[in-house]
Structures are given as C-alpha cells and as structure tokens.
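Undergrad: Could you build all of it, start to finish, from the sequences and the hints given here?
There are 8 protein chains.
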Amino acid sequence: MPDVDDLGFARVDTGRLKRRGLSEVVFCPGKTPDQVLAIFRSLRDAGQNAFATRAAPELYAALRAELPELVYHAAARAMTLDTVPLPAPSGLVAVVCAGTSDLPVAEEAALAAERLGAHVERVTDVGLAGLHRLMPFVDRLRAARAVVVVAGMEGALPSVVAGLIDRPVIAVPTSIGYGTSMNGVAALLAMLNTCVPGITVVNIDNGFGAGVAAAMINRTGKD
Amino acid sequence: MPDVDDLGFARVDTGRLKRRGLSEVVFCPGKTPDQVLAIFRSLRDAGQNAFATRAAPELYAALRAELPELVYHAAARAMTLDTVPLPAPSGLVAVVCAGTSDLPVAEEAALAAERLGAHVERVTDVGLAGLHRLMPFVDRLRAARAVVVVAGMEGALPSVVAGLIDRPVIAVPTSIGYGTSMNGVAALLAMLNTCVPGITVVNIDNGFGAGVAAAMINRTGKD
Amino acid sequence: MPDVDDLGFARVDTGRLKRRGLSEVVFCPGKTPDQVLAIFRSLRDAGQNAFATRAAPELYAALRAELPELVYHAAARAMTLDTVPLPAPSGLVAVVCAGTSDLPVAEEAALAAERLGAHVERVTDVGLAGLHRLMPFVDRLRAARAVVVVAGMEGALPSVVAGLIDRPVIAVPTSIGYGTSMNGVAALLAMLNTCVPGITVVNIDNGFGAGVAAAMINRTGKD
Amino acid sequence: MPDVDDLGFARVDTGRLKRRGLSEVVFCPGKTPDQVLAIFRSLRDAGQNAFATRAAPELYAALRAELPELVYHAAARAMTLDTVPLPAPSGLVAVVCAGTSDLPVAEEAALAAERLGAHVERVTDVGLAGLHRLMPFVDRLRAARAVVVVAGMEGALPSVVAGLIDRPVIAVPTSIGYGTSMNGVAALLAMLNTCVPGITVVNIDNGFGAGVAAAMINRTGKD
Amino acid sequence: MPDVDDLGFARVDTGRLKRRGLSEVVFCPGKTPDQVLAIFRSLRDAGQNAFATRAAPELYAALRAELPELVYHAAARAMTLDTVPLPAPSGLVAVVCAGTSDLPVAEEAALAAERLGAHVERVTDVGLAGLHRLMPFVDRLRAARAVVVVAGMEGALPSVVAGLIDRPVIAVPTSIGYGTSMNGVAALLAMLNTCVPGITVVNIDNGFGAGVAAAMINRTGKD
Amino acid sequence: MPDVDDLGFARVDTGRLKRRGLSEVVFCPGKTPDQVLAIFRSLRDAGQNAFATRAAPELYAALRAELPELVYHAAARAMTLDTVPLPAPSGLVAVVCAGTSDLPVAEEAALAAERLGAHVERVTDVGLAGLHRLMPFVDRLRAARAVVVVAGMEGALPSVVAGLIDRPVIAVPTSIGYGTSMNGVAALLAMLNTCVPGITVVNIDNGFGAGVAAAMINRTGKD
Amino acid sequence: MPDVDDLGFARVDTGRLKRRGLSEVVFCPGKTPDQVLAIFRSLRDAGQNAFATRAAPELYAALRAELPELVYHAAARAMTLDTVPLPAPSGLVAVVCAGTSDLPVAEEAALAAERLGAHVERVTDVGLAGLHRLMPFVDRLRAARAVVVVAGMEGALPSVVAGLIDRPVIAVPTSIGYGTSMNGVAALLAMLNTCVPGITVVNIDNGFGAGVAAAMINRTGKD
Amino acid sequence: MPDVDDLGFARVDTGRLKRRGLSEVVFCPGKTPDQVLAIFRSLRDAGQNAFATRAAPELYAALRAELPELVYHAAARAMTLDTVPLPAPSGLVAVVCAGTSDLPVAEEAALAAERLGAHVERVTDVGLAGLHRLMPFVDRLRAARAVVVVAGMEGALPSVVAGLIDRPVIAVPTSIGYGTSMNGVAALLAMLNTCVPGITVVNIDNGFGAGVAAAMINRTGKD
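Chains as they are written, first to last, in numbering that gives the first Met the number 0: chain A, 0 to 222; chain B, 0 to 222; chain C, 0 to 222; chain D, 0 to 222; chain E, 0 to 222; chain F, 0 to 222; chain G, 0 to 222; chain H, 0 to 222.
The set of hints was computed from the structure by calculation and includes no laboratory data.
Don't be surprised by glycine CBs; every beta carbon is placed ideally from N, CA and C.
Please note that the accuracy of each hint is not assured.
[What the hints assert, rightly or not] Cβ-to-Cβ under 10 Å is the rule here; a few derived chain F residues that face chain G:
(1) Pro28
(2) Val122
(3) Ala150
(4) Tyr177
(5) Ser180
(6) Ala185
TA: See below:
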C-alpha cells in the first residue's frame with residue numbers, strides 16, 4: 000500500500016504530509032514508549048518531521064537515549080524530532096491567554112503554529128477581571144492573520160477579543176476551573192454561544208488543533 | 000393558625016410581609032384564574048399589596064373585571080394589585096441588559112426592585128460585541144448599591160461589569176440563544192464560573208428573584 | 000456616544016463595520032417586527048447594509064410594505080436590505096452539505112460568505128452513507144481558501160473532508176436527527192472530537208457564524 | 000502600562016484594589032510555587048495585602064521560608080500576606096453551615112468577609128435533619144447585613160434560612176455527598192430553584208466568592 | 000395462557016391482582032381510545048376494577064358513551080371503572096403537598112391510595128417559604144403509616160417532613176418550576192440526596208406510583 | 000458520476016443497493032413533499048424499490064395522486080413504492096415488544112425486515128410487570144436467526160429475553176415514558192449496560208435500523 | 000438548647016432518637032478521626048447507640064484504642080458502638096442482591112435494618128442473566144414486610160422482583176458498571192422508570208437509607 | 000436448585016452454557032481474588048471453560064499458583080481456564096480498529112469471538128484521518144459474517160465501513176479521547192446516530208459484548 004508504513008499495531012500515514020501539509024501527529028496517552036518510538040522512527044525514515052502531544056516528561060526520558068535528536072518542549076508538553084528543516088516563518092498568528100494556568104494549552108498552540116510556518120506573538124494573562132491589560136495589544140492582534148484565544152472558567156475572552164478586531168478568532172476552552180466548570184465544558188459552551196460572529200472553537204485543552212487551524216489560515220494568506 | 004389564610008387549595012402566608020419584608024408572590028404557570036383571583040383577594044383583605052409573575056395577557060383579561068384596580072405590566076409580564084402605598088424610593092439599583100431580547104427579564108427585575116423601595120436605573124443593549132456602549136455608564140453603576148446584569152447566549156456581561164466596579168453584582172442568565180445555549184444553561188454556567196469574585200447568580204430568566212435580592216441589599220444600605 | 004445609535008430598546012453599534020469589517024446583524028427570534036424594522040432603518044441611515052437571520056416568512060411579510068427594497072432569502076431563512084453595493088467577490092469558499100435536510104443551514108453560511116466578498120461553491124448531499132459522491136469534488140475543495148462542512152446526525156463528514164485536503168475546515172453541526180442526536184449535540188461532539196487536526200466548530204445550526212468565519216479567512220487571503 | 004505588573008507568565012492587576020475595593024486573588028491549583036511567590040511579592044511591593052485560595056499545606060511549607068510573614072489558615076485552606084493593616088471591622092455578616100463536612104468552605108467565606116471589613120458570626124451544623132438547632136440563631140441572623148449559607152447534599156438549608164429573615168442570603172453549594180449529588184450539582188440546582196425569592200448563588204465550593212459578595216453588601220450598608 | 004387476555008395489541012395480565020394485590024393499570028399517553036376501551040372491558044370482564052392515569056378529558060368524553068359507569072377524577076387526571084366494591088378503608092396515609100401547582104400529582108397519589116384501602120389525609124401548600132404552615136399537622140403525620148410528600152422547584156419539603164416524624168416518607172418530585180428545574184430533575188436530585196435517612200423517591204410526577212407504594216406499606220400495617 | 004442521480008438538492012445513491020443490499024431510504028422529517036417525490040421517482044427510474052420512514056399521513060395524502068402505486072403502512076408510519084418484486088422470504092426474525100405504546104417502533108422494524116427477505120414473527124406486550132406472558136414464546140424465539148426487542152420506560156426486556164436464548168438480540172429503546180425517562184435515554188442506558196453479553200443496541204425509536212440489522216443477520220444465515 | 004450537644008464543629012442532635020426512632024448517624028467521608036470520635040462519645044454519653052457509614056478500615060484502626068467496645072462490620076463498611084441493647088427482632092425484611100459486586104451495599108442495608116429491629120433474609124446473586132436463580136425465593140419474599148433490591152449495571156432486578164410479589168420494594172442502584180453506567184446513573188434511571196408501580200428508590204449506593212426505610216415499614220407492621 | 004452452584008457470595012449459573020451457548024463470564028472489577036478463584040473452580044468442576052474480563056496482571060499473578068492451567072491474554076486484559084476443547088473455528092468475523100490506542104478493546108472482541116468458534120481477521124489503525132488505509136481491506140470485510148468496528152474520539156469509522164459493505168456491523172465506542180469525548184460518550188453518540196442503517200452498538204469499551212454478538216451472528220450462519 001503506498002503512503003502507508005505498516006508497523007502491525009499502527010499504519011503510519013506517510014502520505015498525510017503531501018495531502019494535508021501536515022505529517023501524522025502522535026497523541027501519546029494510551030501508547031507505550033515502544034509504540035511512540037516506532038512511529039517516530041517511521042516518520043524519520045520517511046523524511047518527515049515528527050510531533051507528539053501530551054508527552055509526559057517520563058516518556059521523553061524513556062526515549063531520548065534511543066533518539067538523541069529528540070527535543071522536549073516542557074511548557075507545551077510536546078516532543079519533536081526534526082529530520083528536515085522547518086519552513087521559514089511568514090505571516091503572523093497571535094496566541095492570547097486569559098490566565099497563568101492556561102499557559103500549557105496556549106504554548107501547545109503557539110508551538111504548533113510556529114512549526115507550520117507562522118511567526119507567533121504571545122499575549123498572556125489578559126482575562127476579563129482586568130480588561131485594561133488587553134487594550135495595548137489590540138493593534139498587534141489586528142495585524143495577525145489569525146488569533147487563537149485560550150481561556151478557562153467562564154471562557155468569555157474570545158468574545159471580547161473578537162469584538163475588537165476583524166480577524167478570524169479560534170477559541171480554545173481549557174479545563175481550568177472547579178465545580179460547574181465541569182472540566183472546561185462551561186468555557187466551551189460560552190465560546191460556542193458567543194454573540195460575536197466569526198469565532199470558531201476546538202475541543203477542551205486542544206491547543207494543538209487550534210495552532211494547526213491558525214497555521215492553515217496563515218498559509219492561506221500567502222495565496 | 001395565625002398568619003395563614005387557608006383557601007383549601009392554598010394557605011396564603013400573610014405573615015411573610017412582616018417576617019421577610021415581602022408579601023407572598025404568585026407564580027402564575029399551573030394556576031387557574033380562579034386560584035390567582037382568590038390569592039390576590041386574600042392578600043388585599045390582609046391589607047397587603049400583591050404581585051404575580053409570568054402573567055399572560057389572557058390571565059389579566061380574565062381577572063380585570065373582577066379586580067378593577069389590577070394593573071398589568073406588559074414589558075415585565077407581571078400583574079399587581081396595590082392596597083397600601085408603595086414605599087417611598089430610596090437608594091439606587093441598576094439593571095443592565097445585554098441585548099434587546101433580554102428585556103422582559105430585565106424589566107421584571109426592575110419592577111420588583113422599584114416596588115420594594117429602590118430607585119432603578121436601566122441600561123440596555125450593552126453586550127460584549129460592542130463594549131464601548133457600556134463604558135459611559137460605569138460611573139453611574141458605581142453609584143448603585145446593587146447592580147443586576149441580565150444576559151443570554153454566552154452570559155459574559157456580568158463578569159465585564161463586575162470587573163469595573165466595587166458593588167455587588169447579581170447575574171441573571173436568560174434563555175435567549177439556540178443550540179448549545181440549552182435554554183440558558185450556557186449563560187448560567189458562564190456566570191457561575193466567573194473569574195471576578197463577588198458575582199452571585201439566580202435561576203435562568205429569574206428577573207424577579209434578582210430584583211428582590213437587589214432591593215434587600217438596597218434596604219441594607221439604609222441601616 | 001459616537002458609533003452608537005440609541006433606539007431605547009437597542010443601541011445599534013454603527014462602529015462595528017469599521018471595527019470588524021461586518022455590520023451588526025439581527026437575530027430575529029424574540030424581537031418584535033417593530034424592533035427589527037427600527038434596527039434595519041438605523042443601519043440604512045448609517046449607510047450600511049443590513050442582514051437578519053432566522054427571519055420567518057411572516058416577519059418578512061410584515062416588513063416589506065415599510066421597506067420595499069427588503070429582500071427575503073427563503074432557502075437561508077434570511078432577510079437583507081442593501082444600501083451600498085456589496086463587495087466585489089474574490090477568492091473561493093466551499094460549502095459542503097451532508098444531507099438534504101441540512102440545506103437551510105448550509106445556505107445561510109453560503110449567503111453570509113457571499114455578502115462578505117467570497118465566491119461560494121456549494122456541494123450538496125455527499126454524506127458518509129455514500130462517500131463516492133464526495134470524491135469528484137476534492138480538487139475543487141483544495142482550491143478554496145476555507146471549506147464549511149455542514150452535517151447533522153453523526154456529524155462525521157467534516158473529518159472525512161478535512162482528511163483529504165490542506166485547507167481550514169469549519170464544521171457546522173445541525174439539529175437534524177432524532178433520539179440521542181439531542182438536537183445536534185451528537186454531531187457537535189463528533190466534530191469537536193475529530194481525529195483530524197485543523198477543524199474548528201461553531202454552534203449547532205449556526206450557518207451564519209461559519210459563513211462569517213470563512214469570509215474572514217478568505218479576506219486574509221488577500222493580504 | 001499603568002496598574003499592571005508584568006511578570007511574563009502573569010500580568011498582576013495592581014489597579015484592582017482601587018477599582019473593585021479588592022486586590023487580585025491567587026487561585027492556587029495549576030500554579031507553581033514560584034508563580035505564587037512572584038505574584039505575592041508583586042502585590043506586596045505594590046503595598047497591597049495578598050490572599051491565596053485552595054492553598055495546600057505543601058505549598059505553604061514551600062513558601063514560608065521565602066515569605067516569613069506568610070500566614071496559613073488551615074481551616075479555610077487559604078494563605079495570606081499582609082503589608083498594610085486590614086480595615087477595621089464594621090457591620091455583621093453571618094456564615095451558616097449545614098454540616099461538619101461543609102466547614103472548610105464556610106471558613107473560606109468567613110475569612111474573606113473578615114478581611115474585607117465585616118464582623119463575622121459563624122453558625123455550624125444546623126442542617127435539615129434537625130431544624131430545631133437553627134431556631135435559636137434566627138434573631139442573630141436578622142441582625143446581619145448579609146447571610147451566607149453553606150450546604151451540600153440536598154442543599155435546602157438556604158431556603159429554610161431565607162424563609163425566616165429579611166436579609167440577603169447568598170447560598171454556597173458544596174461538593175459533599177455521593178452518587179447523584181454529582182459533586183455538588185444537586186445542591187446547586189436546589190439553591191437555584193428555591194421557592195424563596197431573594198436568594199442568590201455562587202459556584203460549588205466557592206466560599207471565597209460568597210464571602211466577597213457578603214462583604215460588598217456589608218460595605219454598602221455604610222453608605 | 001392462564002391469567003392473560005390476549006387482545007392482539009395487548010396481553011392483559013389478569014393474574015396481576017392476585018399476584019400483586021393490584022390490577023393492571025392503563026397509562027393513557029400513546030394509546031388510542033379504542034385500545035383503552037378494550038383494556039377496560041377486558042378487566043371488567045375479568046371481574047376487576049380498572050384505573051387509568053394521565054387521562055385527558057377528551058379521552059373520557061370519547062369513552063363515557065361506551066362505558067356509562069366510567070368515572071372521571073378531574074383533579075387527579077384519572078379515570079376508573081369499578082366492577083366490584085373497593086376494599087373497606089383501614090389505616091392512614093398522609094399526602095402532603097408543597098404548593099398549589101403540585102396538586103394534580105398529589106391528588107393522583109391520594110386517589111390511588113384510597114382505592115387500595117387507605118384512609119387518606121391531605122395537607123396542602125405547606126412549602127419551605129413558610130414552614131410554620133406545616134407545624135400544626137405534625138402530630139397527624141406521625142399517626143400515618145406512610146407519608147407521601149409532593150414538591151417541585153427545590154424539592155426540599157420531604158427532608159423537612161421526614162426530619163420531624165418516625166414514619167416512612169415517599170417523596171414525589173414534580174415538574175413544576177422553570178430554567179434549571181429541568182422539568183423536575185432538580186427536585187428529584189434534592190430528594191435523592193436528602194440528609195434524612197428513610198426517604199425513598201419515585202419518578203417525576205409519578206403520584207400514582209407513590210400512592211401504590213404508600214398503600215402497600217399501609218396494608219403491611221395490617222399483618 | 001456513476002451510481003448517483005444528481006437532483007440538485009440531493010444526490011441519490013443508486014449504487015447503494017448493489018453495495019449494501021439495501022437501497023437508499025428516505026427519512027422524511029425536514030424534507031418537502033416535492034423532495035420526497037423526486038427521490039422516490041429517482042429510485043423507481045433506477046429500477047429499485049423505495050422506502051420512507053416517519054412519513055406522516057399528510058405526506059402520503061399529498062403524494063398518492065402523483066404516485067398511485069404508493070403504499071402507506073400506517074402502523075409503521077412508513078411509505079413504500081415497489082418497482083420490482085420483493086425477495087422471497089427465508090429465515091425467521093422475531094420482533095418482541097414490551098408494551099402497547101411501543102407498537103409503532105416494533106412495526107417499523109418488522110416491516111423493514113420483511114421487505115429485506117425475512118419471515119417475521121411478532122410478540123406483543125410481554126413487559127416485565129408480567130413476565131409469565133413471555134414464557135410461552137421462548138421456543139419460538141430460539142428458532143429465529145435474530146431477535147429484535149423493543150421497549151421504553153426502564154428498557155429491561157432485552158436483558159430478560161437474551162438471558163433465555165442463544166440468538167443475537169438487537170435492543171430498541173423507545174421514547175415511551177415520562178420524567179426521568181428523558182424521551183428514551185433511560186431505556187437506552189439500561190440496554191447498553193445489560194449484564195447479558197451479546198445484546199446490541201440502536202438509537203431511540205430506530206425500529207428501521209433494528210429491522211435492517213436483523214435482516215442482514217438473517218441473510219448471513221443463508222451463506 | 001435541649002436535645003442538642005454542641006461540640007463546636009457539630010451540634011449532635013440527641014433528640015433525633017425520640018423524634019425519628021433513629022439516632023443521628025455519622026457519614027464518615029470528610030470528617031477527621033477526632034470528629035468521629037467526639038460524635039460517638041456524645042451519643043454514648045446520651046445513652047444512645049452509634050452507627051457510622053462508609054468507615055474505612057484505617058478509621059476503625061485509629062479509633063478502636065479510644066473506644067474498645069467499637070465494632071467494625073467489614074462487609075458493610077460500617078462501624079457501631081452500642082450503649083444500650085438493640086431492639087428484639089420482629090418482622091421480616093428481605094435484601095436481594097443482583098451480583099457479587101453489589102454485596103457491600105446490600106450488607107449495609109441489611110445491617111441497618113437488623114439494628115432497627117428487623118429479621119433480615121439475604122438473597123444474593125440472582126441477576127437477570129439467570130432469572131431461574133430468583134424463583135425459589137419468591138415465597139420467602141412474599142413473607143417479608145419490605146424487600147430491598149440492590150442492583151448495578153442495567154438496574155432491572157427490582158422491576159422483576161416487584162412484578163412477582165405484593166410487598167413494598169425499595170430499589171438501590173449501585174455504582175457497579177462501566178462506560179454509560181455513569182457510576183450508577185443508568186441503574187437509577189431504570190429503577191425510577193419501572194413499569195411496575197410500587198417501587199421506590201434511594202440514591203446510588205445508599206444501602207443505609209434503604210435499610211432504614213425498610214425498617215420503618217417493618218415497624219409500621221407492628222401497629 | 001439445578002443449573003446453579005451456590006457459593007454463598009455467588010450463585011454460578013451452570014445452565015447458562017446450554018441455554019445461551021456461552022458460559023457465565025467473570026467481570027473482575029469489584030471482586031476479590033478469592034471470589035474469582037472460586038467461580039473459576041466452580042465452572043471447571045462443571046466441565047465448562049471459564050473467561051474473565053478486565054483482569055489486571057496482579058490478579059493473574061495472584062491466581063496462577065492456584066490454577067496452573069490459567070492463561071493470561073495481556074493484549075485483551077483477559078484470563079481463561081479451559082477444561083474442554085474450544086469449538087473448531089468456522090466462518091469469519093472481522094475486527095476493525097480505528098487507532099493504536101483502541102487495540103485492547105479490539106483484542107478483547109477478537110478473543111471472545113475466537114473462543115466462541117469464529118475465524119477472526121484483525122484490521123488495525125485505519126481511522127478517518129487516512130481512509131485510504133481502509134480500502135485494501137473492503138473485499139475481506141465483505142467476506143465476513145459480521146464486522147466489529149472499534150473507535151474512540153469522533154467514533155465515525157463504523158459508518159464509513161458499513162457504507163461500503165452488506166454485512167452486519169457492530170460498533171464499539173472506546174474511552175480514548177479527552178475533553179468533550181467524555182470518556183467515550185461522544186463516540187457512542189456518533190455510532191447511535193449513524194446515517195447508515197444496519198449498525199448496532201454496545202457499551203463504551205465493551206469489546207467482549209461485541210465479540211459475543213459477532214460470534215452469535217457467525218453461528219447463525221451455520222444454520
């Protein structure tokens with residue numbers, strides 16, 4: 000079968016890079032270190048860069064002897080193995096974050112967008128309790144091709160940001176909160192029910208997906 | 000039994016005014032016109048003013064011949080029958096409303112607060128999609144003893160308002176929205192999960208309860 | 000207050016067009032014909048085009064005498080009033096639809112994107128039960144700057160489409176289905192939990208929001 | 000930017016005290032000891048008192064060497080660092096608690112209200128299974144400017160208390176219970192659906208928010 | 000097949016009276032008048048009394064010509080056809096009701112218990128907003144063999160009643176309420192999470208089931 | 000495009016019969032009479048029999064003039080148009096039904112299975128309240144190649160049936176019930192959580208899907 | 000205050016035994032060993048027997064040195080301290096259990112009923128997958144004054160048992176199961192939606208409450 | 000009692016093999032090693048093969064000394080003890096798996112089907128992100144008597160597979176995912192709401208039940 004590397008427990012989709020502009024990505028939970036190792040090697044042998052999300056430090060520790068060129072991105076809980084150069088950055092993506100506890104999700108989004116060719120500007124801790132912290136950054140956000148906004152708890156920051164700019168906003172709910180936050184469901188619902196048209200949403204804590212979407216929009220900007 | 004008027008189908012709690020500073024209120028759904036009529040007469044005979052919430056125009060039409068002094072408040076979907084003078088207004092309560100569709104709930108809150116002795120200032124249609132509409136009213140909100148904020152959809156306006164002032168904010172979610180709004184549950188969750196401490200919340204569409212709470216706070220201001 | 004037209008029951012945000020590249024839009028449910036009329040006139044007087052979503056035929060019938068230039072878009076359940084010319088179309092947005100019952104939502108998305116300056120290509124009834132119907136359109140989808148995919152029931156079509164192309168995909172769940180569809184929640188969950196990174200999602204039946212997001216991405220393509 | 004201290008991972012909102020009468024508060028879960036330390040120092044350097052909620056004993060142990068003046072409030076799971084004198088107490092807030100297991104949430108509310116200038120009276124273990132335990136305290140509750148009522152399980156105590164007094168009641172559901180308690184959702188729903196108007200509600204286990212709201216009401220009493 | 004009358008669309012379980020002390024009961028929604036008629040005739044022919052719940056007045060109107068001895072119980076929305084004398088009443092069941100709107104459910108319970116041989120005492124409109132209305136009835140409740148307590152909204156009355164007596168309490172949540180009442184789910188959850196041991200619960204609005212359970216307990220009292 | 004008939008609003012998948020042994024089926028809700036008419040004609044012109052589910056009598060009345068050979072199956076709420084002879088029946092499928100109100104769903108399953116080539120045996124009204132009614136049919140159920148069991152309310156009949164036989168059981172929850180039945184969710188959950196291995200489940204009220212699955216199993220029996 | 004022992008963190012309701020025929024019971028989760036110890040001593044000093052539910056073995060180990068007469072009931076996860084003789088047993092309660100994993104909940108019910116004066120008969124592992132195991136016990140169940148039925152997973156055993164007897168059935172859902180069992184919610188819903196009238200239900204895993212209710216019914220049998 | 004082995008804590012249903020073609024199976028969670036040991040011995044003494052699901056490696060380690068012939072199937076988390084020869088395999092069941100993390104559930108299904116007499120073909124890692132990986136296996140799937148499809152996240156693979164073949168498809172949702180996956184509920188809902196008739200579904204992670212259902216269908220193929 001072309002464009003597939005059959006490892007038995009997995010069929011690595013080596014055609015994905017050409018088809019989607021994005022290689023297969025490893026979601027680590029539920030996979031053994033040996034499985035992650037084999038998939039990374041398969042991608043490397045196919046001449047593609049590899050990316051793993053939700054990689055625990057213990058997983059990195061278990062693999063770095065086997066893959067010395069492996070890099071661990073602690074703030075994003077991600078692991079990468081690069082075989083070919085990353086694309087030269089072009090165009091701007093902004094990643095805005097409501098609170099300090101949302102940082103790992105925001106950083107996952109930023110890393111994903113950077114590796115797919117975007118310049119990334121990070122704006123941190125500008126939540127609703129003190130909106131004056133956001134205002135100095137509005138002009139910079141208006142210069143971006145796409146804006147990712149990450150928030151937990153009541154999840155209202157994307158609506159505020161989108162109300163001020165004319166750019167596509169991708170909202171990422173996080174599981175930060177307690178009680179009726181229901182691990183991020185409250186934030187997700189707020190984002191889906193925004194009164195500001197043009198906001199789109201991804202799964203709870205899915206910084207990676209938001210970063211990919213922003214990068215795809217950013218690439219569209221080159222057409 | 001003192002402080003009770005036994006109508007058979009209902010035991011009107013005539014002691015409530017003295018105990019709570021607020022007479023028994025009639026929630027109309029599920030009650031027949033005859034039942035509402037009897038309760039209003041019972042309160043009138045006890046020398047108390049009467050208030051009914053969620054009163055359909057048809058109910059008012061059915062009762063006004065029997066109770067000529069009955070007043071219908073269409074914007075608030077409420078009905079009142081006054082036997083003694085209302086308290087002279089003192090102190091300020093503000094009622095802020097995110098969108099035009101939220102007006103009936105906001106008006107129910109305003110009417111309740113006014114009848115319990117507050118001056119009420121209404122601020123309408125200042126939702127998140129255009130926050131500059133809210134800013135001119137901030138000083139006025141800071142002058143109120145309590146601020147009621149009514150919003151549907153993502154329900155984030157109470158957080159924004161509370162972040163700007165030092166007054167107690169009572170948030171009222173409305174059932175305005177569609178899809179994952181789930182008839183106001185999304186707005187309710189956003190309000191409960193606010194990152195701004197000091198906000199308290201009532202049931203979906205419960206403008207009456209919010210108005211009562213604001214009026215009780217306003218009365219505390221006289222102590 | 001600049002950029003605001005205070006109608007009493009509403010504060011029309013006339014600055015939104017400049018700030019967001021998109022005038023204020025009227026969500027009709029819960030508004031009286033008089034309210035919709037006044038908001039449309041306010042936008043017209045500000046020299047802006049007007050758009051109303053979820054407009055029942057009865058609402059259009061009630062308003063067309065007052066606003067002869069009003070246009071009703073039955074397939075999209077929308078109403079428009081144009082004062083200035085629409086932008087010349089540029090760039091391609093595709094709107095893909097899983098089944099016949101999903102058409103009104105898809106048409107709302109297409110109309111919104113067209114009015115905001117995109118060429119729109121519609122691809123109808125290509126759901127999972129017969130995926131060979133989708134394949135002839137893949138090249139055309141790869142030519143779009145953004146692809147909107149509308150689906151009810153199990154909501155899996157966006158994943159299939161996104162797996163075949165390198166463009167941003169905006170998924171719109173619809174309320175088509177029964178039983179555990181829960182009025183579109185099943186489709187929404189499928190879209191949020193996609194295994195294909197880069198898909199973003201809007202609220203159930205929110206064709207308008209998806210069309211706006213696609214048009215914003217399309218405009219980014221001009222930078 | 001005035002009124003902001005940019006720490007990189009956080010933008011401490013030093014203007015909040017003036018704007019809201021309440022400094023920024025640290026919600027500890029998801030923050031590293033170093034992050035909490037830096038925020039406390041930032042507030043101290045701004046001449047403000049600091050408060051952290053949900054602070055584990057281990058966190059306090061990690062920080063007390065760095066911040067010798069740090070105080071740990073074990074019963075409330077809170078941590079404080081005072082730089083300026085607390086306000087002199089004035090006015091009464093009551094904190095009523097249904098059962099022994101609800102005590103940590105009640106104590107968090109009491110501590111917050113005390114630090115914001117209220118005298119606090121605590122009434123413990125007066126749940127519905129033996130309501131005669133509540134009765135001796137009714138006169139004292141009627142003397143308070145605001146009453147916080149904390150309850151888990153069926154969450155009905157706020158309705159009983161509010162039915163007996165004419166003061167604003169803030170209800171706090173706790174996560175105490177099992178099975179269909181759903182970690183406090185049952186208690187929350189009971190409180191939102193009270194038949195006693197004037198009760199407002201905060202998030203599950205949010206003693207802090209209830210204490211702040213009560214203190215804001217108490218301050219209103221001084222106007 | 001013994002103990003069964005096969006009507007084609009139904010197999011009437013004529014053995015149920017002997018096995019359970021209770022004939023088969025007709026739940027009317029979803030059944031045609033002809034189907035209800037045939038089942039009532041089948042029970043009559045078997046020499047058993049018949050009972051139908053949730054019978055609309057229109058259904059009764061359609062059947063009374065065919066079954067002249069049919070009786071309609073409007074307050075309980077029930078329909079009965081008696082072929083043999085009812086059992087002589089013995090022992091006491093109390094049915095307590097929180098509010099006027101809960102009366103149809105309470106009356107269904109009372110009717111069921113009466114027909115199964117209990118004396119029934121009704122206590123109406125003694126909800127939490129004025130608990131002093133309940134107190135005069137406590138001695139009478141202590142004399143009952145079982146107490147049914149019917150309540151909507153926050154559903155807390157069963158806990159208060161059970162805390163005062165030593166008799167089995169059967170709680171019936173009703174769908175009275177709005178917003179987060181979720182058609183009675185809030186009341187149900189409160190009843191299931193009671194802090195007063197010994198309360199048992201039936202489905203929302205299931206007055207009939209509660210009446211049957213109370214009557215079965217009452218019959219046990221004769222052993 | 001082969002195997003597709005493009006009607007503009009729909010792409011009829013005429014290849015489905017060959018691929019799946021089952022022509023495309025029309026789910027009527029949300030489709031106009033003209034749309035259903037066009038799809039039926041497309042299938043007829045392709046030489047295939049047509050089947051529509053959830054067809055209201057009004058829809059049939061609107062179409063029978065245009066399609067004189069159209070047949071309405073009132074008990075199953077279905078509509079069929081046959082162009083070629085149905086397959087000769089072979090093998091047995093049993094359809095078991097808990098109560099009279101569940102009959103429409105059961106009949107939809109029976110009709111679907113019959114049209115796909117099975118003999119169907121119907122067993123009606125054998126619910127848990129009188130299990131002795133089921134016992135005489137056990138031998139007949141053991142003779143079937145597949146058994147469909149339809150039940151609402153607590154949804155337990157499939158477990159009882161499956162515990163007695165060695166045949167595949169397909170469980171169909173119905174929306175019959177009230178309160179916490181949640182329109183069939185309670186029955187669905189019971190069926191998914193059965194302690195009897197070998198039961199599989201379809202969506203609430205999905206008699207058609209169950210009938211198709213049973214017929215596919217029945218055809219397997221011919222191999 | 001009479002009938003109350005104020006321990007500071009708790010107000011032990013020593014009047015409960017007289018009022019309810021049942022002393023205050025300790026729910027151990029969330030209480031410290033010192034708190035449990037103090038409450039047990041308070042009850043002992045009041046001349047009452049004490050009972051604690053959900054008592055971990057570690058808690059017993061911590062307390063037995065202080066309270067040598069303390070008894071640990073491992074199968075029921077309960078702890079008792081008897082100061083006066085238990086009532087002489089009279090009347091029969093049956094406790095039926097669907098599967099081996101449900102035993103701890105069933106044993107908690109049995110222990111509670113025994114201590115409140117009932118003879119208890121235990122019937123174990125008679126779930127729906129093999130109903131013939133239940134049949135030999137039907138006569139014995141018919142001799143009981145109340146029957147407790149404990150089941151997890153699909154929770155259908157109470158319906159089957161109640162369909163065979165004329166005694167009050169108290170159903171206890173357990174959290175045994177996985178996936179859509181949702182920790183016992185599926186079983187609870189099945190029990191609430193039973194088609195067999197007369198079944199009442201308690202909270203998930205609440206064996207204690209079921210045992211108390213059964214014992215109260217059993218005591219009624221003595222009247 | 001015939002066909003039952005009473006162990007006190009369990010009544011082993013030794014008649015199940017004859018009645019259902021499948022011996023009693025042990026679900027390990029919540030059972031002690033001694034209980035599992037006793038049930039395995041009971042089945043062995045009855046001359047039947049034994050199967051335990053969700054068996055932790057520690058449980059196997061605890062039992063293998065007592066039962067030397069015990070076999071542990073690590074990939075399926077299962078444990079077996081064979082006393083008589085397994086049936087000779089006949090007929091084909093396919094088990095298709097969307098991703099690597101779904102393998103344990105798929106393997107449990109495969110093992111169950113094999114032990115009940117089917118040849119099993121495994122197809123792994125053919126999820127929607129790269130559907131070309133599935134296509135080479137379509138002919139093989141068409142040769143199976145039943146096809147089990149295992150998927151987590153958006154759970155759409157069963158719809159795609161069923162759309163291509165004419166065989167019964169049993170869908171198994173897994174708990175793989177995060178956020179709104181809600182431990183497999185999203186996948187379950189997608190499978191229940193499939194637009195492809197003929198798919199049936201089992202509980203989340205219930206590979207065993209799917210394997211049994213597939214084997215029962217496969218045996219039907221022999222009739």
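Undergrad: Does each hint fit the structure? Answer for all of them.
TA: Consistency of the hints with the structure:
1. Pro28: Where the cut-off is 10 Å and the nearest Cβ of chain G is about 26 Å from Pro28 (chain F), the hint is violated.
2. Val122: With Cβ-Cβ at 17 Å, over 10 Å, it is violated.
3. Ala150: The hint holds - Ala150 (chain F) has a Cβ within 10 Å of chain G, the shortest such distance being about 9 Å.
4. Tyr177: holds, 8 Å
5. Ser180: holds, 5 Å
6. Ala185: Result: holds, 4 Å to nearest chain G Cβ.
When held up to the earlier numbered hints, the structure conflicts with 1 and 2 and fits the remainder.
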